[in-house]
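*Asks:* Given next are the chains, with one letter for each unit.
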Amino acid sequence: MSGGNAESGAPNLTPILDMVFQLITFFMLVMNVKAASLDLAIKLPVLGSAIPTEAQELETLVLNISKDGKVKAYGSEQSPADLARREADLARRKAQVAGKPLEPTDEIPITVVIRADRETPFHAINAIITDCQQNGFRRFQYRAMSKVSTSPGEA
Amino acid sequence: MPRRKKKKHRQQGDVELNLAAMLDMAFQLLAFFVLTFQPAPIEGYITLRMPPPQPTTKQGASSSANSSVDVGAALDSLMVTVTAGADGDIGSIRIEESAPVPNLTDFEKTMTGMLSVPGATVEQVVLQVGGTLKYENLVRLLDVCSHIKLADGKTLDKLSIVELPNSAP
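In order, the protein sequence lines correspond to chains A and B. So the first sequence is numbered by this note's numbering: it starts at 1 and just counts up by one. So the second sequence is numbered by this note's numbering: it starts at 1 and just counts up by one.
Each hint should be verified, as a subset may be incorrect.
As the list claims (entries may be wrong) - Below, simulated DSSO-like cross-link-like pairs (lysine-lysine); rule was C-alpha separation at most 30 Å, straight line:
1. A:67 / A:94
2. A:100 / A:70
3. A:67 / B:158
4. B:109 / B:154
5. B:158 / B:109
6. A:67 / A:43
7. A:72 / B:158
8. A:72 / A:43
9. B:149 / A:94
10. A:67 / A:100
11. B:158 / A:70
12. A:43 / B:158
13. A:100 / B:158
14. B:149 / B:109
If you're looking for bench data, these hints aren't it; they were derived computationally from the structure.
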């Protein structure tokens with residue numbers, strides 16, 4: 001338990017290294033990888049009765065819709081029709097590999113998460129929903145803030 | 001004897017690990033995590049099953065009916081028309097051809113009254129929504145719809161949304 005090498009006067013770095021590693025472990029554990037798919041610049045509406053997102057759906061397709069109806073997914077702007085088609089094809093291929101092929105009329109087992117700005121008009125959202133429905137998506141999740149957030153992106 | 005030997009060995013080649021380099025790297029990692037840390041926002045959700053709207057067979061029959069309760073008891077599908085005000089707010093809510101419902105609270109009461117009647121079988125509720133209605137108000141409407149109880153005690157989770165014709169800007 002000495003404070004380092006007494007002869008050379010070098011400090012003992014072991015405790016500080018321990019502490020830094022503990023901090024790194026903490027940040028690694030609390031880092032939310034899923035939050036990367038969320039566009040935090042979008043101002044979601046506030047709805048007190050919305051269920052907090054604890055019990056997450058297994059497979060989701062997160063669509064961030066801006067005020068002017070532009071869709072952002074996987075961090076970049078996308079065409080909703082192309083994106084829905086690609087995701088549906090991928091889900092069908094996955095199901096085929098798993099030995100449970102989906103018929104063309106079957107529901108795609110993915111929940112489409114709609115994260116739209118509170119000002120987005122319905123006609124823009126409806127166009128996106130229709131694109132998803134045409135590709136076999138049936139489950140939709142509408143996101144809202146459970147309470148007023150104080151973070152700059154959500155205020 | 002062995003103790004002495006050990007001491008001698010230590011003095012001859014004292015191997016010390018230089019922790020400074022490792023500490024530098026650890027601090028860099030720490031800085032990365034601190035700078036990129038973003039707490040996840042507290043978000044809520046409303047989940048709905050939304051099949052594409054299908055042609056309704058009861059629509060014509062329902063429009064001729066006068067009593068909303070009678071309509072509910074016989075309906076396979078229920079058409080709710082929601083118009084948008086000038087600033088994207090909810091303008092009016094009309095269930096089938098009945099008189100407009102003044103607000104969302106009354107809408108929920110009326111819908112619950114219609115759909116929770118024993119024997120009422122609603123296969124789909126179709127929301128005809130004005131194109132300029134803001135997402136904020138759409139979510140409030142969907143929230144109310146998702147709380148409506150059906151005759152079997154379950155909540156309404158099958159909804160179709162269509163755009164009100166000629167309502168887009």
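*Asks:* Which of the stated hints cannot be reconciled with the structure, identified by number in ascending sequence?
*Replies:* When the structure is compared with the hints, numbers 1, 2, 9, 10 turn out to be violated.
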